[in-house]
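Below are the chains, spelled out letter by letter.
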Amino acid sequence: MSIINKKGNKNQNLAMVIVGDRCIGCDACYAACKTDWDVLPVKEAYRTKVWDIEGEDNFGNPTIRFLPVLCNHCDNPPCVDVCPTGASFKRDEDGIVLVNSDMCIGCKACMVACPYDARYYDETKASVDKCTFCLPRLNNGLEPACVVTCVGESRNFGDLNDPDSNVAKMMKNATSITRLKEDKGTLPNVYYITINY
Amino acid sequence: MSRHNLTRRGFLKLAGATGVAASAGITGIPSPLKAAQSNDAKSEMFLHYDRGVQSPSFCEMCFWNCGLNVYTRNGRIHKLEGNPLNPNSNGHLCAKGNSGIDSTYDADRIQHPLIRVGKRGEGKFKKVSWEEASQYVFDKLSPLMKKYGPETLATFMHGTGEPYVHALTKALGSPNIVVPAYSQCLGSREMAWILTFGTGVSGHETYDMANTRHMILFGRNMAGALQVREAEDFAEGLARGAKLTYVDPRLSESCVNATDWLQINPGTDLALALGFIHVIIRDNLVNMDFVSKYCYGFDQLSAHVAQYTPDWASNKCGIDAKTIERIAWDFAKYAPHVVAVPPRRMTRYGNDTQTVRAIAILNALMGNWGVPGGLWVRSGVPIDLPEYEEPKQPTTRRADGAGKGEKYPLAPQNLGRTNGMIEATLTQKPYPIKAWMLYGTNPLFHSSAGTNDIYKAIENLDLLIAIDTQFSDTVMYADVVFPESTYLERDDAPFVQKDKIPFIALREAAIKPIYDTKGCFDICKGIAEKFKIAHWFEHSPTQQIADLYKALSPEQAKKLKDDGVLRFEAVDPYPLASGATPTFRTATGKVQLYVPNLTDFYQEHGDDFAPMPIYKDPIMADSKDTFRLLFGKSPRHTHARTQNNWLLLELQDDNPIWIHPKDAKRLGFSDGQMVYMVNPKTGVKAEHAEKIKVTKRIKEGAVFIHHGFGHTTKAWSRGYEKGIGDNFFVSDDIDPISGAAAFNNGFVTLVKA
Ligand code: SF4
Ligand code: SF4
Ligand code: SF4
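Keeping their order, the protein sequence lines are chains A and B. The numbers in the first sequence follow the working numbering, run straight up by one, and end at 197. The numbers in the second sequence follow the working numbering, run straight up by one, and end at 753.
To be clear, the hints were calculated from the coordinates, so they are not data collected in a lab. These numbers were taken from a predicted model, which means no experiment stands behind them. Yeah, the Cβ is synthetic: ideal placement off N, Cα and C, and Gly gets one too. Where hints are given, some of them may not hold.
[Stated by the list, open to error] Label-pair restraints from in silico Cβ distances: (1) Pro-430/B - Asp-52/A: 48 to 56 Å; (2) Glu-123/A - Val-117/B: 36 to 44 Å; (3) Glu-123/A - Asn-39/B: 21 to 29 Å; (4) Asp-52/A - Val-117/B: 45 to 53 Å; (5) Tyr-105/B - Lys-184/A: 39 to 47 Å; (6) Asn-173/A - Arg-51/B: 29 to 37 Å; (7) Tyr-105/B - Phe-59/A: 43 to 51 Å; (8) Val-42/A - Asp-617/B: 46 to 54 Å; (9) Glu-123/A - Ser-717/B: 16 to 24 Å; (10) Lys-169/A - Tyr-105/B: 38 to 46 Å; (11) Arg-65/A - Tyr-515/B: 38 to 46 Å; (12) Gly-75/B - Arg-179/A: 38 to 46 Å; (13) Thr-583/B - Asp-57/A: 41 to 49 Å; (14) Glu-123/A - Gln-543/B: 42 to 50 Å.
The whole structure should be built from the sequences, with the hints applied where relevant.
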């Protein structure tokens, strides 16, 4: 079974669908991603991270919520637009946004352009790096590492263009759907939903 | 910097980008460069993924033991993933499990056997052979055992190799085995459940949270003190619409979806539970069908709790009476598909067994035993497993006060009391304890006896033997150190779990030991050989795996080989729902709302041992600038053992002191300010200052920190002195029934740094 279509089929819309209230803030996704992709062992380098959002309810009582973030693989990616060399690009066939490290000159324009702080600079590769939606795994029939390990089963992955996919069904049944910073016009492919089971 | 406020924008500047200016300049590059390669060519580097060789295991980053597939490329482990077929974790791993690789490749590990050369605790050792290390144990331990009797040896153990340390200690003739999981964690909870239901909750709890309609968690932080299947079930139950009443002076991770958070006064959970019971009985909400058939002592209970009205409870626990009534009604409304959950580390205020008794009673009144959404009934694996003869438990008197005729007659002899053993070593009473053997335990950072007392206890020892994978704080004080191979480098005996879906899991070495280390079996056997008792060590873990295969049918054997785990699904976790008659292994054969077997103790020792829980006020701080120290677990660390793991440290390398805004204001503290924690009773001041986190998430009058930080071991190049530790400040009170520790009666003051 392959999650992604092999060449020739250009109509996939790969997306991460995160059921927000199932995230328990365990950071398993962070750790799985960092080990699978040998992301630099420093705090500033990560492809996904989970924010603790502390707040207050209407009565002034404290609240806690968790927000997993990663590259949104935007349909209108500012990072790609600003890249002077074409190292940052978006795949036509499935929408994945990637950085080709051979072509990256390390100018970091994309890091500045990304409204989501999704990118980091990897000194050892002399290249900007970021979430790949685990393309190497997908291409070998495996789900993304962060999805596989997700303890709360908050993270889900698949092709929104396939009505039979898990994510398409979840989006259909969702009671609310949000994306981050919609006002930036980036058209993210990471969705945060609530759903009644 | 804490994980809460780190943004990469700052890093970006440090890393030298000048933002818009830089990008503006660079966009001047001629555009042909942009289209130099096709998308296909550019994708090429992303199309390969070598998963490598898969070997079966189970995780040992904590003691829940999730199912693991270990992936190795060119002889190096590159990834750990959950085994989807293992019922402990269903394919998931937490952050700790995912970070397990570093346990093996960490250069700070103990790399070969060692004998101390410097002063105790100085950390100076010489490299020796295995032969020399075992001979050293023989040469030092034999005269001590001759002089003081074999019981002068006490062993502390935690980990998969426990059975071998257990066997070695018994074969050497000492009864003094202690497993900290009892007196430092689960003891009071187990005791209460056994007195009520006839069986313990065990380390793998039986709450059916995935199917429940309303769960009340009494300080049980399912999401934070995280064990994977439980956390999965918790998230699943909530996603399906279960209600969650979360009771804790602190708003923890588990509150993310709570229907109600009851910010209770510390130490008063028993009052709240009794209040719930009162309402449920008063308003005729008891599942009388279950209670009349299967429970003992309902009439006594009804009379007993008449005094514990919601108003009374409210006055004690700080939750208003209307809320207590509303939650009790809602809980009963969904019975029997409800569950009231006691904490896991139930070593808190010294009334812990009785508190869990009340929680157990709350479950019993709902009749949730053996029904979906309540308490499932675990089953053993339905095959005859190979059996191995073990040395008998010596009948010599134990030194720690556990067992019949002792101060803690109900405390189990096979688990013992860590707190009692440390005290016995400190006082050398009832008889001299002159030698310790530690397996995977770190009493200096895990104990109630007050770390200062443990240093003194260690001074009384003539021999300290350590078996460990890493230089914990206490290992630094050892005279002889046996380096253990990690869970990724060794075969272990098959893991057999009684559960909802009972199963057997395999652990096979994914790689050869990278240093000069051995499994616990071989270490114990090496020592046993010197004492001529090696006949107890004839079945190595590898042999035990082979023996298991012989006991299985060919189909079962194939499944185990292919999957790394063998599940037995044809058991019924919900016997009551299926119409079976449940049996309870209590003194009365029923669920004991009233415990007749406590009556004698009650007469002898008074209220603490009452057959039905009697409320007692908690010990309070003596001034309003003295705060109760509460501590709990971080989902990013296991106890005091992972604070040198680079990836987990990246996730949390500090331990801010949580304090309520009103308290902070009164003391003139602001968020992020550095303070010293002081123990007013002992005068001990924390080694280094820590920042405070001003938050309404903690109750006024209490402060909170995570457990496991503040290490003194200099061998930990990354974890040394990160964050502050709780161990210098917790109390050494004792629960009178279980004999387990009560840590949370410790009080601290804070001083500006
Ligand atoms: S999230 Fe940022 S890096 Fe990812 S595609 Fe959008 S703009 Fe680019
Ligand atoms: S999809 Fe893969 S690369 Fe992206 S955050 Fe998840 S694990 Fe990391
Ligand atoms: S693994 Fe899942 S539940 Fe855990 S923090 Fe990540 S998204 Fe949240």
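Okay, the hints, checked on the actual structure:
A beta carbon spacing of about 50 Å between Pro-430/B and Asp-52/A agrees with the range 48 to 56 Å that was offered as a hint. With their beta carbons about 41 Å apart, Glu-123/A and Val-117/B fall inside the hinted range of 36 to 44 Å. A beta carbon spacing of about 27 Å between Glu-123/A and Asn-39/B agrees with the range 21 to 29 Å that was offered as a hint. At about 46 Å, the beta-carbon gap between Asp-52/A and Val-117/B stays in the expected band of 45 to 53 Å.
Checked against the given bound of 39 to 47 Å, the beta carbons of Tyr-105/B and Lys-184/A, roughly 41 Å apart, stay inside it. The beta-carbon spacing between Asn-173/A and Arg-51/B, approximately 33 Å, falls within the hinted interval of 29 to 37 Å. The hinted window of 43 to 51 Å between Tyr-105/B and Phe-59/A holds, with their beta carbons roughly 49 Å apart. For the pair Val-42/A and Asp-617/B, the beta carbons lie near 50 Å from each other, so the given range of 46 to 54 Å is met.
Against the hinted window of 16 to 24 Å, the Cβ-Cβ separation of Glu-123/A and Ser-717/B comes to about 21 Å, which satisfies the hint. Checked against the hint of 38 to 46 Å, the C-beta distance between Lys-169/A and Tyr-105/B comes to roughly 41 Å, which is consistent with it. One distance hint, 38 to 46 Å for the beta-carbon pair Arg-65/A and Tyr-515/B, holds here, with the actual separation near 44 Å. Taking the beta carbon of each, Gly-75/B and Arg-179/A are about 44 Å apart, inside 38 to 46 Å as hinted.
Look at Thr-583/B against Asp-57/A: about 46 Å separates their beta carbons, and that is inside 41 to 49 Å. Hint check: Glu-123/A to Gln-543/B, Cβ distance near 49 Å, so the stated range 42 to 50 Å holds.
Checked against the numbered hints above, the structure violates none of them.
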